[in-house]
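K.L.:
Residue numbers (the working numbering), protein chains in the order written: chain A, 1 to 333; chain B, 1 to 255.
Heads up, some of the hints might be wrong.
[Stated by the list, open to error] 25 Å max Cα-Cα, derived DSS-like pairs, lysine-lysine:
{"hint": "1", "chain 1": "B", "residue 1": "169", "chain 2": "A", "residue 2": "143"}
{"hint": "2", "chain 1": "A", "residue 1": "209", "chain 2": "A", "residue 2": "135"}
{"hint": "3", "chain 1": "A", "residue 1": "143", "chain 2": "A", "residue 2": "179"}
{"hint": "4", "chain 1": "A", "residue 1": "209", "chain 2": "A", "residue 2": "143"}
{"hint": "5", "chain 1": "B", "residue 1": "16", "chain 2": "A", "residue 2": "273"}
{"hint": "6", "chain 1": "A", "residue 1": "273", "chain 2": "A", "residue 2": "308"}
[To be verified] Restraint ranges, calculated between C-beta atoms of paired labels, are given here:
{"hint": "7", "chain 1": "A", "residue 1": "123", "chain 2": "B", "residue 2": "25", "range": "26 to 36 Å"}
{"hint": "8", "chain 1": "B", "residue 1": "240", "chain 2": "A", "residue 2": "161", "range": "37 to 47 Å"}
{"hint": "9", "chain 1": "A", "residue 1": "110", "chain 2": "B", "residue 2": "235", "range": "45 to 55 Å"}
{"hint": "10", "chain 1": "B", "residue 1": "242", "chain 2": "A", "residue 2": "120", "range": "46 to 56 Å"}
{"hint": "11", "chain 1": "B", "residue 1": "251", "chain 2": "A", "residue 2": "154", "range": "27 to 37 Å"}
{"hint": "12", "chain 1": "B", "residue 1": "19", "chain 2": "A", "residue 2": "156", "range": "33 to 43 Å"}
{"hint": "13", "chain 1": "A", "residue 1": "15", "chain 2": "B", "residue 2": "84", "range": "19 to 29 Å"}
{"hint": "14", "chain 1": "A", "residue 1": "272", "chain 2": "B", "residue 2": "19", "range": "19 to 29 Å"}
If you're looking for bench data, these hints aren't it; they were derived computationally from the structure.
Each residue gets a CB set at the ideal place from its N, CA and C atoms; glycine is no exception.
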Amino acid sequence: MQLLDIRNLTLELETPDGIVRAVDRVNLSLREGEIRGLVGESGSGKSLIAKAIMGVLHQRWHISADRFSWCGEDLLRLPYQRQREIISRDIAMIYQEPSRSMDPTAPIGEQLAESVPDHLVEGVSWWQRGFFRRKRAINLLHKVGIRDHQSVLNSYPYQLSEGVCQKISIAMAIAKAPKLLIADEPTTALESTTQAQLFRLLASFNQLKGTSILLISHELETVARNTDTLSVLYCGQLVEAGDTAELLKNPRHHYTDALIRSVPEFQPELAFKQQLYALHGSIPTLQHLPIGCRLGPRCPNARKECVKTPQLERQQNHFYSCHFPLQRSADDE
Amino acid sequence: MSDLIEVRDLGKTYRKATGFFNHKEIIALQGVSFRLQAGETLAVVGETGSGKSTLAKLLVGIEQPDQGEIWYAGHQINCNQYRKTNQFIRYIFQDAARSLNPNQKIAEILHAVLRYSTVLSFSQREQKISQTLRLLGLLNEHANYYPHMFSGGQLQRVALARALILDPKVLILDEALTALDPSLRAQIVNLLLELQQNTGIAYLLITNQLRLVRHFADHTLVLHRGQCLDYGPTAQVFASPQHDYSRKLINSAQY
Numbered sequence: 001m002q003l004l005d006i007r008n009l010t011l012e013l014e015t016p017d018g019i020v021r022a023v024d025r026v027n028l029s030l031r032e033g034e035i036r037g038l039v040g041e042s043g044s045g046k047s048l049i050a051k052a053i054m055g056v057l058h059q060r061w062h063i064s065a066d067r068f069s070w071c072g073e074d075l076l077r078l079p080y081q082r083q084r085e086i087i088s089r090d091i092a093m094i095y096q097e098p099s100r101s102m103d104p105t106a107p108i109g110e111q112l113a114e115s116v117p118d119h120l121v122e123g124v125s126w127w128q129r130g131f132f133r134r135k136r137a138i139n140l141l142h143k144v145g146i147r148d149h150q151s152v153l154n155s156y157p158y159q160l161s162e163g164v165c166q167k168i169s170i171a172m173a174i175a176k177a178p179k180l181l182i183a184d185e186p187t188t189a190l191e192s193t194t195q196a197q198l199f200r201l202l203a204s205f206n207q208l209k210g211t212s213i214l215l216i217s218h219e220l221e222t223v224a225r226n227t228d229t230l231s232v233l234y235c236g237q238l239v240e241a242g243d244t245a246e247l248l249k250n251p252r253h254h255y256t257d258a259l260i261r262s263v264p265e266f267q268p269e270l271a272f273k274q275q276l277y278a279l280h281g282s283i284p285t286l287q288h289l290p291i292g293c294r295l296g297p298r299c300p301n302a303r304k305e306c307v308k309t310p311q312l313e314r315q316q317n318h319f320y321s322c323h324f325p326l327q328r329s330a331d332d333e
Numbered sequence: 001m002s003d004l005i006e007v008r009d010l011g012k013t014y015r016k017a018t019g020f021f022n023h024k025e026i027i028a029l030q031g032v033s034f035r036l037q038a039g040e041t042l043a044v045v046g047e048t049g050s051g052k053s054t055l056a057k058l059l060v061g062i063e064q065p066d067q068g069e070i071w072y073a074g075h076q077i078n079c080n081q082y083r084k085t086n087q088f089i090r091y092i093f094q095d096a097a098r099s100l101n102p103n104q105k106i107a108e109i110l111h112a113v114l115r116y117s118t119v120l121s122f123s124q125r126e127q128k129i130s131q132t133l134r135l136l137g138l139l140n141e142h143a144n145y146y147p148h149m150f151s152g153g154q155l156q157r158v159a160l161a162r163a164l165i166l167d168p169k170v171l172i173l174d175e176a177l178t179a180l181d182p183s184l185r186a187q188i189v190n191l192l193l194e195l196q197q198n199t200g201i202a203y204l205l206i207t208n209q210l211r212l213v214r215h216f217a218d219h220t221l222v223l224h225r226g227q228c229l230d231y232g233p234t235a236q237v238f239a240s241p242q243h244d245y246s247r248k249l250i251n252s253a254q255y
């Protein structure tokens, strides 16, 4: 079943220099039980999209979309109260830098108990509720793989390591058994051994509970290994989307191609200390975005037509927006 | 003597007061030895708190070692000769944007480095600056920019310029590539590789990204709680790690 279906999401911000369009007509859809990766460089609007889904964007942002449906209901057209209800029931998010997104003045136990939703507590007599919440909190900690719950519950966020904080924020997110879990750069602060643990944890929730996961990251290699489908963003434009394996094998857009070729891991025949493939130039700032295809000035194959924004084209389950897409490799046809 | 840097049995202990008279000793680094030749890259991998950054700080002289010796091209380095050694060993910080003074133009930052460590005159310094900026793919005009006017990748280049302007023999990259976006990272890696080929500079790469280590480093050193677990050619360490911890670390990057 289609869980989330977004068509032409546009996020605009009014600045003294005019309107900045940070996210430009992005499509995103998620089925139940799917793990989708969202890849892009910093400033490409990944976190903005996540925040737009959660409905926590600042009021100054103008959100518009042709369709923004969650389980068949259009979130943008619902009254605010109803919208909050649905989001808080069904969607949970793990923010960047877990230790900073927690309350520094309250011990972990209190914060976790608070995140247990009210409808679970309703059947319990009022004098037992505190105890019940605490029991749930301990349960949650066990679920994310923290065995030593007593010392963790009594400590403050600054006393714990980043990896443990990340696990706790996952525990808070799964407290209400959400249908969709948005993980915004969950691994940037972590070491590689803890990263592996975390991805195993997310994968197990996906398999056991059927939770859909939207995994946001700028590292293609980690996303590629842990997702079913992938969307690639560049400067707020959706560049390519499709099944992860297919997309890695046959990228159609030049940006995706460059991204794949810049990662040594995907290039088995690359010699030791050989130059990596890199696009020239750097990412434009939001105030000076090029018109048309935003990759234009950096694209190795840019031509006159590229000043017009390309339409999203579809080939089976593979979407790409480029006037001159790369050809499929010969052995595939 | 062919070794550019030789480190023998290096150790560092921090003392932390736990009361009026008591103190606790934290061993940050213990018995680490390695050699680094010109034109080579040594990667130091390990989790946080494993002593990676302590090692870098000892090498550049920010901290004084408690035991062991550091030899640079046949001479032993003392911490109080910092002014002399800082020309050969340079350090790049993790976050380029935060390690540059926002109130100074790039030219001022680079002038200060040269004024401190060399005897060049003003015009010679100007010449050196424009030469270094061009080497790193920046323009002469960039000297009059402030740090906030650059993008992330360019800032990293400026940080590199500050390190390379003294023509060092060793460059220490403390997680300098971690925070970069993939396409920028590829650009900087290319730049570093090119420099190494042309000038024979040696790198000490402190990182968490094992994929990059595999591509980039000749030798790898695995640190865990201040101890050196595995040290050897990168291919060998990756193929047959000796300790359980290094095996776990390497498998975690490949699973």
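K.L.:
If a hint holds in the structure, say so; if it does not, say that too.
P.N.:
Hint by hint, here is what the structure shows:
With a C-alpha separation of about 50 Å, the suggested pairing of residue 169 of chain B with residue 143 of chain A is violated against the 25 Å cut-off. About 21 Å separates the Cα atoms of residue 209 of chain A and residue 135 of chain A, which keeps this hinted pair within 25 Å; it holds. Between residue 143 of chain A and residue 179 of chain A the alpha-carbon distance is near 17 Å, which keeps this suggested pair within the 25 Å criterion. Only pairs whose Cα atoms come within 25 Å are accepted, and residue 209 of chain A paired with residue 143 of chain A is accepted, the gap being roughly 12 Å.
With a CA separation close to 43 Å, the supplied pair residue 16 of chain B and residue 273 of chain A exceeds the 25 Å bound. Distance check on the hinted pair: residue 273 of chain A and residue 308 of chain A sit about 39 Å apart at the alpha-carbon level, beyond 25 Å; violated. A C-beta distance of roughly 54 Å is found between residue 123 of chain A and residue 25 of chain B, which places it outside the suggested range of 26 to 36 Å. As the Cβ distance of residue 240 of chain B to residue 161 of chain A is approximately 30 Å, the hint placing it in 37 to 47 Å is violated.
At roughly 51 Å, the beta-carbon separation of residue 110 of chain A and residue 235 of chain B lies within the given 45 to 55 Å, and the hint holds. Range check, residue 242 of chain B to residue 120 of chain A: Cβ separation about 49 Å, and the 46 to 56 Å hint holds. Checked against the hint of 27 to 37 Å, the pair residue 251 of chain B and residue 154 of chain A passes, with Cβ atoms roughly 34 Å apart. Range check, residue 19 of chain B to residue 156 of chain A: about 22 Å between beta-carbon atoms, so the 33 to 43 Å window is missed.
For the hinted restraint 19 to 29 Å between residue 15 of chain A and residue 84 of chain B, the CB-CB distance of approximately 50 Å leaves it violated. Between residue 272 of chain A and residue 19 of chain B the beta carbons are some 53 Å apart, a value that contradicts the proposed interval 19 to 29 Å.
Hints 1, 5, 6, 7, 8, 12, 13, 14, counting from the list given before, are not met by this structure.
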